[in-house]
Structure formats: structure tokens, C-alpha cells
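Participant: Protein sequence lines, in the order shown, are assigned to chains A and B.
Residue 2 is where the first sequence starts when you use our numbering, and the numbers rise one by one after that.
Residue 2 is where the second sequence starts when you use our numbering, and the numbers rise one by one after that.
Hints should not be assumed to be uniformly reliable.
Said to hold, decoys possible - Taking lysine-lysine pairs in the DSS-like style, the calculated list, with each CA pair at most 30 Å apart, reads:
no., chain 1, residue 1, chain 2, residue 2
1, B, 290, A, 84
2, A, 285, B, 84
3, B, 309, B, 239
4, A, 236, B, 407
5, A, 285, B, 49
6, A, 49, B, 362
7, B, 55, A, 49
8, A, 104, A, 6
9, A, 239, B, 290
10, A, 284, B, 84
11, B, 309, A, 405
12, B, 61, B, 6
13, A, 84, B, 408
14, B, 408, A, 408
15, A, 231, B, 55
16, B, 55, A, 239
17, B, 239, A, 55
18, A, 236, B, 408
19, B, 407, A, 290
20, B, 55, A, 346
21, B, 285, A, 239
22, B, 49, A, 231
23, B, 236, A, 407
24, A, 236, B, 284
25, A, 290, B, 49
26, A, 309, B, 405
None of these hints come from the bench; they were simulated from the model.
2 protein chains.
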Amino acid sequence: MSELKGACIIGQSGGPTAVINASALGVIRTALDTDCITQVLGAANGIKGVLDDKLYDMGKEDPAELDLLKYTPSSALGSCRYKLSDPDVDDTDYKRILEIFQKHNVRYFFYNGGNDSMDTCNKISKYMQKMGYECRVMGVPKTIDNDLNGTDHCPGFASAAKFIATSCMEVHRDAHVYDTGMITIIEIMGRHAGWLAGSAALATWAGFGPDLVYLPETDFDMDKFLADVKAIYDKTGKCMVAVSEGIHYADGTFVSEAKASATDGFGHAQLGGLAAMLADIVKKETGAKVRGIELSLLQRCGSHVASKTDIDEAFMAGKTAVEAAVSGVTDKMVAFQCTREGGYKCEYVLEPLDIVANIEKKVPREWINAAGNGVEQPFIDYVLPLIQGEANAPKEHALPRFAKLKKVLAE
Amino acid sequence: MSELKGACIIGQSGGPTAVINASALGVIRTALDTDCITQVLGAANGIKGVLDDKLYDMGKEDPAELDLLKYTPSSALGSCRYKLSDPDVDDTDYKRILEIFQKHNVRYFFYNGGNDSMDTCNKISKYMQKMGYECRVMGVPKTIDNDLNGTDHCPGFASAAKFIATSCMEVHRDAHVYDTGMITIIEIMGRHAGWLAGSAALATWAGFGPDLVYLPETDFDMDKFLADVKAIYDKTGKCMVAVSEGIHYADGTFVSEAKASATDGFGHAQLGGLAAMLADIVKKETGAKVRGIELSLLQRCGSHVASKTDIDEAFMAGKTAVEAAVSGVTDKMVAFQCTREGGYKCEYVLEPLDIVANIEKKVPREWINAAGNGVEQPFIDYVLPLIQGEANAPKEHALPRFAKLKKVLAE
Chain A
2 MSELKGACII GQSGGPTAVI NASALGVIRT ALDTDCITQV LGAANGIKGV LDDKLYDMGK
62 EDPAELDLLK YTPSSALGSC RYKLSDPDVD DTDYKRILEI FQKHNVRYFF YNGGNDSMDT
122 CNKISKYMQK MGYECRVMGV PKTIDNDLNG TDHCPGFASA AKFIATSCME VHRDAHVYDT
182 GMITIIEIMG RHAGWLAGSA ALATWAGFGP DLVYLPETDF DMDKFLADVK AIYDKTGKCM
242 VAVSEGIHYA DGTFVSEAKA SATDGFGHAQ LGGLAAMLAD IVKKETGAKV RGIELSLLQR
302 CGSHVASKTD IDEAFMAGKT AVEAAVSGVT DKMVAFQCTR EGGYKCEYVL EPLDIVANIE
362 KKVPREWINA AGNGVEQPFI DYVLPLIQGE ANAPKEHALP RFAKLKKVLA E
Chain B
2 MSELKGACII GQSGGPTAVI NASALGVIRT ALDTDCITQV LGAANGIKGV LDDKLYDMGK
62 EDPAELDLLK YTPSSALGSC RYKLSDPDVD DTDYKRILEI FQKHNVRYFF YNGGNDSMDT
122 CNKISKYMQK MGYECRVMGV PKTIDNDLNG TDHCPGFASA AKFIATSCME VHRDAHVYDT
182 GMITIIEIMG RHAGWLAGSA ALATWAGFGP DLVYLPETDF DMDKFLADVK AIYDKTGKCM
242 VAVSEGIHYA DGTFVSEAKA SATDGFGHAQ LGGLAAMLAD IVKKETGAKV RGIELSLLQR
302 CGSHVASKTD IDEAFMAGKT AVEAAVSGVT DKMVAFQCTR EGGYKCEYVL EPLDIVANIE
362 KKVPREWINA AGNGVEQPFI DYVLPLIQGE ANAPKEHALP RFAKLKKVLA E
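Looking at chain A on its own, in the form it has when it is part of the complex (with noise of 0.2 Å):
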């Protein structure tokens, strides 16, 4: 394969993670680093800054601030939620595209994100191919739900994870401290896998945990949660619950959706989250205090508690993506091929963009209980090697010392 010469772009795409920038950093230094990559771009707010021709140089960056993108959540150059059009419907975007890429030679393009960030890069190379530009386009995967296809797991899982667990052992002491009665519910995120919630198990493992988890791969039964809630309770006095914000009847339907009915009376969701609504009908049912913690964004961008192992594995992804790139693969996502027997070790490979995008992975069935109600112990085996290790990362004043980029357009 013959060296291809031009610039690279870099773009981040969907929900932020805690390591989602360990992966930008991956690209970006391993960019910078390689002779043939001429310029290396940060699109801001992911394609839109291609769109937009806001296009920041990122060689113009200080690198120690730079590497301390490791350590700094969410999507430093900026992410966006625009879905790119069918191009054989409307290539408005696409020629617009190609318009940019032409124009600063960019021969690279590295998206980082989930679904639909490969969903994009699929379309960008498949257009570019159609037209005949060459480009060498790449996506590096990002989710803490967890749900991509074609990989072992995805960069920013595991710390979400962690958050979750570290936050359920403090929160499962704290409930149990007074000699009276108390519930707690807490919702975590993944509307439709469940691997977020099923983290919480992780907490019970290590002795501090919810007595229940509910994840939206099986249908939510609102009268076999409160008897699972109350046997619970009568029992111990105490009930810690973790549930998916995606937890759904059978029918379908969110329960955080679910409107009043004539039996029930309950299905206030119009403020708070689901939380408070499972908080209010189990304290009408068992007369219980009880309290509904949503853990809200503070589990997807918990940098202060990120797995090492999650931060070192994004950044590779990034730095894979680049160096098979530069050796002339196109049209690929980084995935992780996983092993746990006889050690956990993570192997770096590619797969087709069009196997990755629009697929959701679920929870396996047999990961969870009978009950629907917990996870097995496969499911710990999965996680538990991808949140270890400590971060580290560099403080100032005893507070995050997060990137403070200068984002110099380019010319």
C-alpha cells in the first residue's frame, strides 16, 4: 500500500464519556507523531465542524495540555447528535464534505463515538469511494451503554461502571445506618441494555450493594417489583433497588413514560425521573421512607474515579485507528477482543463499519436471573477485569486539573 499524504480530521460524536478524549488523545499524538499525516484537525461539535469548516489545528497545542486529555471527561473538541441524511436521498452534507476535505487535503477521518457516529463514518466512506477521493476513514468506538456491536466492550463503559459501583457500596452504607425503615431506588442510565444497570451487581458483589437490579433486556412488572421490593423490606427493614432508566413493560412501554391509570393512580413522570416515580408508588405501597437517587450525568463523566484499564484501552483504540490508517486500512472500526481465563488481556482489532452500525448489543438473557431481577455471576466476570486500576489523574489545588485547550482555527 502506498503512503497517502494529507491531513486528518478527528471528530467526536454523541454522548461524552469519561475517556472519550484518552481516545482523542490516542489519535491526535499518534497523528502528530507520523510523518505522512501533514495536518491534524479537531473538528468542533464532531461533523457539524466539518460542515461548518470549524476546524481547530491542533499541532498549534501546548502537548502537556494535551495529554492531559487523558484525564478530562466528556468531548474536549466539542460533539454533536446530527445524523447525516441517505445520500442517495439528499448528498447536500456529503458534498459539503467532500468540499472541506478537499480543501485541507484531509485523507484521514477519525470519528469517535456509538452507533450512530459509525453509522456516519460508514456513509462518509462509502460516498468518498463512490466519488473517488481517497480517504481513509475510521471510527473509534465510545459508548458507556455498552451496546456496539463487533467489539468485547466499548471505551467509557468501564468507568461508567466503576462510578456506579464505588457510588452504590457509599450509597447502600449510607442507607443503612439508622435502625428504621428505608428504601432506596436509583436509576442509572442505558435505555435499552442494561449493562450499566447490571454494574450496580458489582457493588453487591464486593459486599455493599443493591438487594435488586433491574435491566430493560427483560419486561418490568410493576406488581412483582413492589413484591419483590416489600418481601425484601418486611424482611431486613432495608431495600436497595438499582434500576435502567430503559426498564419497560411488556407492551413496550418505558415505565418512566407510563401514564396514570384508573388502578394504580400513579405515573407522575412529568418531574424528576424515574427514580422519584418508583420512589413515590413504593412509599404509597409500603408506607416506607424511601428516596429515589438518579445518578444522572455524574455516572458518565466521572473522571475522578475512571478505570485505568478503560483509559489505556481508549487511548490505544485511538492510536490503532491511526496506525492502521497510515498503513492503509480504511472502512473499520477498533474493537476489543477479549480474554478473562488465565488473566484478562485485550487484543486490538478491526471490523467492518457496516457490521458495527445500527446494532445494538443486549445483555445476554443468561447473564441475568430467572427472576429478572439480578445478574449472574458471568455477568461480574465480564466487568469486573475492565474497571481496574486507578486513574491517577493530575490534580491542582486538590480538583481535577482538566485540559484547557486553545482551539486555534485552522487556515
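Assemble chain B onto chain A, guided by the hints.
Facilitator: Same frame as chain A, but now just chain B:
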């Protein structure tokens, strides 16, 4: 002062903190190493454990497990919110306490808590003196609210402040990734004093934090609040707000409890908390995407991000209480006397229990800005030294390794 030989009781009371167990350890470890203290008893659920004669023999615990108390959040012995009656009105509880003290030959009583606990301490001490039963009673301060009188600050506050500042920095990054409008409202504990809410401003000081901070020390005005938010949002497309749960209108009504008024139609506080309610109001006013986040229990039990300074001081407060009592002191609370100029220094002093009981220390008005929507530099200078140092708490499989006590009942 002659040597007083006998058992001691340590009790924990009120809401838990990340470091209350470090104080318990300071008491227990020092007491176990003190010859004239014949037995170290841990009261189950504070004064309730004394009344119920439910006392754990702390000498039966594995020393290594006890040492983990330094890094274990919430009250390991259990807590209570039991208020003793006025002994002149009803002395039933006091008679029972004396009976238990006599039964176990308790000559030292250490009570670890906030305002109410110091009041409990004070009443017990006075009763024992009146009855001629020699017992040295010492208060060990604790409260994330930092509202205890007579001390520079309270153990537990700094670790909560550090959690709040760190989380605000991370959420700030998360809330700024899209180029679309976004308003974030973070609800922070502290019903009557704004020490914790004000600590959110540390995040702003460090580069990434709330634009507006509202403390309960000033009256809240909804119109002014909305104008503040809109001014920043209109200019930058973003706005991040930290509010104390205790913000209240000029007439004293908590904002969280305000009912819907005829003019504005807001105030659905029945579900979710203040953050959700304010988010709803701001959304209606601005049309922006608004997210309300309640830090909830996470902020008071976040031992994984605890301040080493706080842990060490909490331990020393317990240790000092025992040493002072053994040397003959009674009726005092351990307090901190600190200097910040020329480097932070903390001295452990003793204050009379009746000076500290039942008074709430608030943030000085001059440390809050004139507009009542932020704090001034003296506030930052006050808090910053307290959050320094990392806990480096022991972990097992990358998750917190909390103390697991045997809790053997004393014979």
C-alpha cells in the same frame, strides 16, 4: 486529677459523613491503647444503643478491619436521630442511661455528631453530675453542613465539599459538549447554611463550574433568579447553577415547598426535589433544554474522593477527645482552631458543650456577593485548604474495601 478507671462508650449520631468513622476510629484506637479504659463499647445506633443496652465490644474486632474505618463512609456503628427530653420534665431516659453506665462501669462517654448530638452530650453530662456519677463526657464534632458553632469547621464538611466541587467540574464539562443551548441546575445539601452550596464555587475557581450559586443565607427571589439565568444563557447558550436545598423566599418559605401560585403555575414539588422543580420552571421560562441534578446522598458518603486533611482531622478529633477525657477534661467538644495565612494549620482545642449546642453557624454575608448569586474569594480561601490531600483509600478488585465489623455484643 486522679486516674479514672472504667469502660468507655462511643456513639455516632445524626446524618452520616464520609469521615465520621475516622473519628470513631480515633476514639476506639486511642481508647483501646489507654490503660485506664478497661473496655471500649460501641453503641448501636447512638444513644438508642445505650438505652437498649446494645453495646458492641470493640476490643473483639480485628485491628486491621477497624483501621479500615478511616476510609469507610457513613456510621459503622449505626446512627439515630433520637432527641432526649428535658430531664426536668421526663428523666426516664436519663435514669436508664445511668443504669447502663453503672452496669458496664462506663466512665467515659464520647458522642460523635452535629448540633443535636452536642445537646444530647450536654444533657447527659449535666445529669450525671447532678446524680454524682463520675463520668467524663466529650463531644466529637461531625456534620457535612459545617454549621457547628465554636469550631473553624466540622469533620465531614471538607470531603463533601470536595465531592461537590469535583462533580460540578465534571458535570460542567459534560454540559458543555453540544453547541446547542443547555441549562444545568445542581441541588446541594444544606438546609440552613450554605457552606456546601458555596463549595460548588470551588469548581468555578478551578476553571469549570457553576455560573450562579444560591445559598440559604440570602433570600431567594424567583424573578431575579430567572433573570440571572436568562442573562447568562442568552449570552453564552449555557448556564450552570448550584442551589442549596434550603433556598427560601423572603417570608421564610422554602422554595422546594412553595405551592403553585396563580400567576406562574409552577411549584410541583411533590415528586423529585428542588432541582427538578427549578428545572421545570426554567424550561418553561426559557424554552431551553434544562437538566436538574440532585447530588443527593452521594455528596455525604463519597469517601472515594475524600479529603485526606478531613480524614486526618476527623481521626485527630476522636483521638483528642479520648486524651483530654483521660487527662480529666469533661463537658467539652473538640474544636478546630485554624490559621490560613502562611500555610494552613489546624489546632485541636476544647470548647464547652453548652456553647456549641443548638446554634447554627452560617456563611458570613460578606463572603457572599452583593447580588446573592455567588461567593467571594474569602469563601474560597476558607474552604480550599480543607479539601487538600487524597485519601488513597484501600481497594479490593478496584472497588472500595470498607470495614466489615463483627459487632460482638458486650457481655
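Participant: Determine for every hint whether it applies to the structure shown.
Facilitator: Status of each hint after checking the structure:
1. Our distance criterion of 30 Å between C-alpha atoms is met by residue 290/B and residue 84/A, whose separation comes to about 19 Å.
2. Distance hint between residue 285/A and residue 84/B is fulfilled; the C-alpha atoms sit about 28 Å from each other, no more than 30 Å.
3. A threshold of 30 Å between alpha carbons decides the hint, and for residue 309/B with residue 239/B the separation of about 34 Å lies outside it, so the pair is violated.
4. This hinted pair checks out: residue 236/A and residue 407/B have alpha carbons roughly 21 Å apart, not beyond 30 Å.
5. For the hint linking residue 285/A to residue 49/B, the alpha-carbon distance of about 28 Å falls within 30 Å, and the restraint holds.
6. At most 30 Å may separate the alpha-carbon atoms for a hinted pair to count; residue 49/A and residue 362/B exceed this at roughly 51 Å.
7. Of the pairs offered as hints, the one joining residue 55/B and residue 49/A is violated, with about 65 Å between alpha carbons and a cut-off of 30 Å exceeded.
8. Only pairs whose Cα atoms come within 30 Å are accepted, and residue 104/A paired with residue 6/A is accepted, the gap being roughly 14 Å.
9. At most 30 Å may separate the alpha-carbon atoms for a hinted pair to count; residue 239/A and residue 290/B exceed this at roughly 36 Å.
10. Note on residue 284/A and residue 84/B: the hinted pairing holds, with a Cα-Cα distance of about 25 Å set against a maximum of 30 Å.
11. In summary, the hint linking residue 309/B to residue 405/A is supported, as the alpha carbons are separated by about 27 Å, within the 30 Å threshold.
12. The straight-line distance between the Cα atoms of residue 61/B and residue 6/B is roughly 20 Å, inside the 30 Å bound, and the hint therefore holds.
13. In summary, the hint linking residue 84/A to residue 408/B is not supported, as the alpha carbons are separated by about 58 Å, beyond the 30 Å threshold.
14. Restraint check for residue 408/B and residue 408/A: the C-alpha separation of about 57 Å exceeds 30 Å, so the hint is violated.
15. Note on residue 231/A and residue 55/B: the hinted pairing holds, with a Cα-Cα distance of about 27 Å set against a maximum of 30 Å.
16. The hinted pair formed by residue 55/B and residue 239/A meets the criterion: a straight-line CA distance of about 20 Å does not exceed 30 Å.
17. Restraint check for residue 239/B and residue 55/A: the C-alpha separation of about 20 Å stays at or below 30 Å, so the hint holds.
18. Taking the CA atoms of residue 236/A and residue 408/B, the gap is about 20 Å. The hint holds against a cut of 30 Å.
19. Of the supplied pair hints, the one linking residue 407/B and residue 290/A holds, its CA atoms being roughly 27 Å apart against a limit of 30 Å.
20. Restraint check for residue 55/B and residue 346/A: the C-alpha separation of about 50 Å exceeds 30 Å, so the hint is violated.
21. This hinted pair does not check out: residue 285/B and residue 239/A have alpha carbons roughly 38 Å apart, beyond 30 Å.
22. With a CA separation close to 26 Å, the supplied pair residue 49/B and residue 231/A stays within the 30 Å bound.
23. Distance check on the hinted pair: residue 236/B and residue 407/A sit about 21 Å apart at the alpha-carbon level, within 30 Å; holds.
24. With a C-alpha separation of about 43 Å, the suggested pairing of residue 236/A with residue 284/B is violated against the 30 Å cut-off.
25. Note on residue 290/A and residue 49/B: the hinted pairing holds, with a Cα-Cα distance of about 20 Å set against a maximum of 30 Å.
26. Distance restraint check for residue 309/A and residue 405/B: the Cα-Cα separation of roughly 27 Å lies within the 30 Å cut-off, and the hinted pair is therefore satisfied.
Comparing the model with each numbered hint stated earlier shows that hints 3, 6, 7, 9, 13, 14, 20, 21, 24 do not hold.
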